[in-house]
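**Q** Each chain is listed here by its residues.
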Amino acid sequence: MYTGAVIRDNLRRWGRGDRSLAGLAACAWGVILFYIVGHSRFFGAWLKLF
Amino acid sequence: MAAIFALALLVSAFAALQRNFRLRPEEAWLYAGILSCSEAVLLTLGLGLGGRLSSGAVCAATWALTAAHMVLYFVPQNERLGRRAAAAPLPWALWPAAAAAVLVLGIRLAIAGAVPPDSWDGLSYHLPIVLRWIQQGNLDLAGWPGPERYYAWNGELLSAWLALLGGGSLSAAKLCQVAGLPVLLAAAGALGRRLAGPGWSWACGLAAAAMPIVVIQSGVPYVDVLYSAFWLAAAAAGVAWLRSGGVLHMGAYAAAFGLALGSKSTAYLTAPLLIPLAVALWSRPAARREFVRWSPLWVGLVALTGLACYWRNWLQTGNPIFPFELRVAGWTVFRGITRPGDLLVSMEKWFFSSMWGWAWYPFVETIKGQAVYTYENGFGPVAAAAWALSPVAFWKAWRRRDAAALAFLALLPLTAALFLIMHPVRVPRYVIFLPLVCIVALAYVFKRAGPRLRTAVLAAWALAVLVGVSGVADYLVRNDASSYAWSELRRGRSVDAWRYYKDQFLSLGEAWAALDQRLRPGDVVAVNYSELMLPWSGMPTKARVVAVRHSAVDYPGAYFGATDREWLDLLQKLQVHYLAVWSPSWYKDEGDLEREAISQLPARFRSLGKWQDAQMGSIEIFEFLPAVI
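Going down the list, the sequences are from chains E and D.
Using my numbering, you'd call the opening residue of the first sequence number 1 and step up by one each time.
Using my numbering, you'd call the opening residue of the second sequence number 1 and step up by one each time.
It cannot be assumed that every hint is accurate.
[Stated by the list, open to error] Taking lysine-lysine and the DSS-like style, the derived pairs with C-alpha atoms no more than 25 angstroms apart in a straight line are:
id, chain 1, residue 1, chain 2, residue 2
1, D, Lys-502, E, Lys-48
2, D, Lys-368, D, Lys-588
3, E, Lys-48, D, Lys-368
4, D, Lys-573, D, Lys-588
5, D, Lys-502, D, Lys-368
6, D, Lys-610, D, Lys-542
These aren't lab readings, by the way, just hints derived from the structure by calculation.
Using the sequences and the accompanying hints, generate a full structural model.
**A** Written out as structure tokens, the structure is:
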């Protein structure tokens, strides 16, 4: 009973932490995608390089 | 040949350190990089001060040091080593980005190796100083026309070392900054591992070494990458000492701090690296005892690797930071001829219109209105994401009461503030280390991410690295000269160096090519305007180039003649054979006095040609004829 509660509590904490980290990961993705939009012409360089 | 010597020194240092100390692999490589760079700087400095700077002596000294490393490898200390930490594997999500980064870096270095020495400052003073040392066999810069003879010189010492390892040609010296790449990779990897765990080691190392401006600059003879590599190395060794203690970490911290101090005359940006030392002394009694006991070693290493150039300035001018003046509360501490605040700040306008533009700049990274990378800018998208999330890293470090992380992260606001307050020429290339701190901070934010979330972050990380190296590819094909060089390399042909210079420098390149056909080994070429000085020495370099002005120069000992007679006597005394008078379009009056003097003395000067265009201005070459008695 007690062990189960500890595990549930730990899982809840882990979930909370990971969810907030997931939000930060989404921010990182957002910044990178925003950056790519501003610099999309870079991808064309590969065609000129080869 | 130079690469083989340098690699042998680095690998043997790694082997000796790995065998004799219990180190994480990243730290073993980092300390091997610090050790081999320190040895290279010190041996070049020692031979140069002794007037024995020659290819044979440098090669012999480098082999002797490599042999000493091998002796330390084969005769290990009687120290019981515990289990060593294993190298962290490269996460699969990063493989495509790592492959693209290696490919683009390879192309970048292939182009840089095939073309003649490039870049404005590289041709104006970094390489001309190295060439002068090699031609003379010592470190004398008497007569040098500008402030560069007083600047920090570790970058030039490393360049001279590589040049002499390669037999005295500048082909290895122009790629000197490549020596900073292993240090940068290992320092970022070591910090990633120390602060975020082994899973982030490669991510940080890759993002640092594949940062667009780092890859671009590795092909030009500047010192920004070297400085940032030593700066980050000092931070990494400082954090390692703060976390673990130990004389090896402390010594590496001191040597890297000295290397950074001696690489760029921006001591105010290097000084914050003492934060890990201060935090260790304040928070760990064991560190206090260790530092007190080993402080002569710490101070000695900083002095050896970093203070020689400041000592030189002190001896020559009485001011270690000459030509800069230092005033504190109205009292002149050091008398100089320039106040940092008087220098140009107009270059900042290439990037944004106000100082506050720095906060937004990492997300847009434009130069003169164009979203492109150059050797002046290009931190890339990993740094943009890292910049956005760096406050979160502070918050997490504070919540975790993580003193080492806080000491490291504190470097970001402190150096950024000092850069904005004190640095006279605010251009991104001077602070390559700032986005590197942010990148480690980003890894720190995701230190406790679960496996799936970590993979999601690494995927974004890989995409960002890919975009960054694509921007480097864009840099390589955007420019006509570089594009021409790459197309020749792809066809298996060699690059016509003078055509490359003509594409880059127009009429000035034509004048260089015309003079090169006349130059003989040992000729002396005088120039009135010392910018872009190197190509006047021919290719391969055969002439000695001196700047001789026909007006007073502020710098002590610079060659100038205030009157026609003095100027003529000086040309004669220096045994000048050719004189190049350049009036650049941005300083149209430059060269007027020389032209006027030449017109008064038609028997002593014979014009060999004149070249001009709207961008570079006009250039005329004269042969200086002997006096008819």
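**Q** Now look at each hint and say whether the structure bears it out.
**A** Evaluated hints:
1. Lys-502(D) / Lys-48(E): 22 angstroms, holds
2. Lys-368(D) / Lys-588(D): 24 angstroms, holds
3. Lys-48(E) / Lys-368(D): Within the cut-off at roughly 23 angstroms; holds.
4. Lys-573(D) / Lys-588(D): Distance of about 28 angstroms is beyond 25 angstroms: violated.
5. Lys-502(D) / Lys-368(D): 23 angstroms, holds
6. Lys-610(D) / Lys-542(D): Holds. Lys-610(D) to Lys-542(D) sits at ~22 angstroms (cutoff 25 angstroms).
Hint compliance for this structure: hint 4 is the single one not met.
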